[in-house]
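Trainee: So you can see what is in the structure, the chains are spelled out below.
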Amino acid sequence: MATDPRRKADATRGAKTSRAAWRQQAESYLTHHRKVARDSAARLWQTPVASLMTWTVMGVALALPVALLLLLTSLEGVSAGWESSARLTAYLQLEVPLEDARELREEIGVDGRVAEVELVNREDALTEFRASSGLEDALDYLEDNPLPHTLLITPEESARSEAGVEGLVRFVQGMEGIERVQVDLGWLQRLNAMTDLLARAVWALSLLLAAAVVLVIGNTVRLAIENRRDEILVAKLVGGTDAFVRRPFLYTGAWFGLGGGVVAWVLLQLSLWWLSGPIERLAGLYRSEFSLNGLSVDGALTLIIVAMLLGWLGAWVAVKRHLDDIEPGEIAGG
Amino acid sequence: MIEFRQVTKRYDSDHTALRQVNFGLDRGELAFLTGHSGAGKSTLLKLIMVMERPSAGELIVGGQLLNRLPRRQIPYIRRHIGVVFQNHQLLFDRTVYDNVAMPLEVMGASPREAGRRVRAALDKVGLLSKEKMNPMQLSGGEQQRVGIARAVVNKPPVLLADEPTGNLDPELSADIMNLFGQFSQVGVTVLIATHDIALINEMGRRTLTLDHGRLVAGGTPLVGGASGH
Chain A
1 MATDPRRKAD ATRGAKTSRA AWRQQAESYL THHRKVARDS AARLWQTPVA
51 SLMTWTVMGV ALALPVALLL LLTSLEGVSA GWESSARLTA YLQLEVPLED
101 ARELREEIGV DGRVAEVELV NREDALTEFR ASSGLEDALD YLEDNPLPHT
151 LLITPEESAR SEAGVEGLVR FVQGMEGIER VQVDLGWLQR LNAMTDLLAR
201 AVWALSLLLA AAVVLVIGNT VRLAIENRRD EILVAKLVGG TDAFVRRPFL
251 YTGAWFGLGG GVVAWVLLQL SLWWLSGPIE RLAGLYRSEF SLNGLSVDGA
301 LTLIIVAMLL GWLGAWVAVK RHLDDIEPGE IAGG
Chain B
1 MIEFRQVTKR YDSDHTALRQ VNFGLDRGEL AFLTGHSGAG KSTLLKLIMV
51 MERPSAGELI VGGQLLNRLP RRQIPYIRRH IGVVFQNHQL LFDRTVYDNV
101 AMPLEVMGAS PREAGRRVRA ALDKVGLLSK EKMNPMQLSG GEQQRVGIAR
151 AVVNKPPVLL ADEPTGNLDP ELSADIMNLF GQFSQVGVTV LIATHDIALI
201 NEMGRRTLTL DHGRLVAGGT PLVGGASGH
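Heads up: the protein sequence lines correspond to chains A and B, in order.
Under the UniProt record's numbering, think of the first position of the first sequence as 1, with each following residue one higher.
Under the UniProt record's numbering, think of the first position of the second sequence as 1, with each following residue one higher.
I should point out that these hints are in silico values taken from the structure, not numbers from a laboratory.
Mixed in with the good hints, there may be bad ones.
[Stated by the list, open to error] Straight-line Cα separation of at most 30 Å, DSSO-like style, residue types lysine-lysine; simulated pairs:
1) Lys320/A - Lys132/B
2) Lys155/B - Lys124/B
3) Lys155/B - Lys130/B
4) Lys320/A - Lys130/B
5) Lys35/A - Lys320/A
6) Lys320/A - Lys124/B
7) Lys155/B - Lys132/B
8) Lys35/A - Lys132/B
This structure is a prediction, so every number in the text was calculated from the model and none was measured.
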C-alpha cells in the first residue's frame, strides 16, 4: 500500500513524536472508557423501574449471606469472650462445715493452675437465690438450706485450654468433701459446633447466591445485547474489535453490581436498625455483652466491590455466549 | 488493491455461490458488479469484508491475503474498507454526527480529530447542516448519503457499495454515483454492486458481470502484476 513513505518519515522524527502519539492514544483510550462508562450508566437510568428491580434482586441475594456472616461474626465474638472467662464451679457436700470449706479454698488456691478461688457461703447463696429467682415463697417452705458451700475457681491463663480445664476438674473432683465439679464448657462446645455448622451453611449459601447473581445479571445483559443488536452489527462492520463491542456491556454489568451492592447495604442497615432493639433486650436478659455488629466502612466497600465484580462476571458470561453469535454476515442478505 | 485468484465459495455441498472467480481492481479504479439476483454479488462483497472465507483460491485486499487471516485481525482489515448498504444500516438512536463518527470511535480517534473528519465527510456529501438531526428525520437520499459519509470518514482505500441506489429516483442515483466517482479520483478503489443497468451504461465504467457464480464479463486481471506489493 501507499503508506510506506509516510511510515519512513515517522521513524526519522524520533522517539519524541512516538511518545506523544502513544500518550495521545492512551488519552483517547481513557476518554473512550469514560464515555462508555457514562453511556451505560445513562442507559440504566433511562429504564429506572427495570434497573431498580434488577438492583433489588441483586441486593436481596447479596444481603442475605452478608447478614448471616455478620451474625456469625457476632456469635464467634460471644464464644471467644466466654472461653477466656471459663470458670469451674465446685459444689461441696452438704455436711461440710464452713471451716473445712475455707481449708479447701486454701488448698486449691496454692495450685499452680489456679488464679483465684472464691468461696460462696451457703447462707449468702440462699439469700442471693431468694432475691434473684423470685421463688421466695416456695423457699420459705423449706426447712433446711438446700444449697451447699460453693467454690468458684478461675483457672490461670495457661490452664484455660480444654485439656488444662479437664485436668483441673479431675484434681478438684478427687479432693475430700467435693460433691461435684461443673464446668460450663458443654454449652460452649455446642455453640462452637453450631457456629461451625452455620459458617459452612453461610459459605454454601453465599456461593449459591453469588451464582444466582451472576446468572441474573447474565440474563439481563443478554436482553441488553438483543436490544442493541443493530449497534453491535454496525460496530463490527466498521472494524470494532471484540473488546470494543464488549466494553459497554461489561460496564453495564458493573453498574448493575454497584446498584445491587448499595441496595444490599441499605437492606442490611435497615434490618439492623429494626432488630437492634429486640436484640439488646434479649442480650440483656441473658446478661450478655452480645450485640449485632453492622458493616464497617471497609466491609461496605468490600460488599460493593464484590457486587461489581459479580455483575461484571455475569455480563462477561452473557457477552461471551451471545456476542460472538452476532456477525455482520447477515446484513448483506442473499 | 483487490485481487481474486480462482476464488470459489461453496456454502453446502450442492450450493456453490462463486466459481473460480478471477479479477483485479487497481487503486483508484471504479467498477460495477452486476448479475441476476443470486448470481453471487453479495457473496463476493462479503468475501472482501471477511464476513465469509473463500472455499478455494486466493483473495488479496490491500496486499493482505485474507484466506487465513486470524479472526482477531478481521476488525483491522475492515477499518480499511468502507461499506455502503442499500438499507444504509444507520442507527436511529443517535444523531447523524454520531452515526458518521462510529468508524473513528472504533479506531480510538481523539474527539477533536473525530470532529474534524466527521464534518469533512458530512460536508463532502452535503449534509453538514444536518449533523445534529436524527437520521429518521432525513429523506431516503439523505440517509444514503449519511451512510456514504460513514463509509468514507476514515478515508479507507477501498469502498464497497451494495445496491446503493436501490430505493432512489434516477436523479438522486446520479448524485450518489457522482460522489463515488469523486472518491475514485482521489485514489479510492470503488466497487458497486447494482442491478441498475441504465446507470451502469450512463457511467461507462468497467463492469464485472456474474452469472450463476461465474464471472462472465469484465474479469480482466491487473496489468503487469500491479497487485504484488
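Trainee: Does each hint hold? Answer for all of them.
Mentor: Verification of the hints:
no.: 1; hint: Lys320/A - Lys132/B; result: violated (35 Å)
no.: 2; hint: Lys155/B - Lys124/B; result: holds (12 Å)
no.: 3; hint: Lys155/B - Lys130/B; result: holds (21 Å)
no.: 4; hint: Lys320/A - Lys130/B; result: violated (38 Å)
no.: 5; hint: Lys35/A - Lys320/A; result: holds (22 Å)
no.: 6; hint: Lys320/A - Lys124/B; result: violated (39 Å)
no.: 7; hint: Lys155/B - Lys132/B; result: holds (22 Å)
no.: 8; hint: Lys35/A - Lys132/B; result: holds (19 Å)
Consistency with the previously given hints fails for numbers 1, 4, 6, ordered from lowest to highest.
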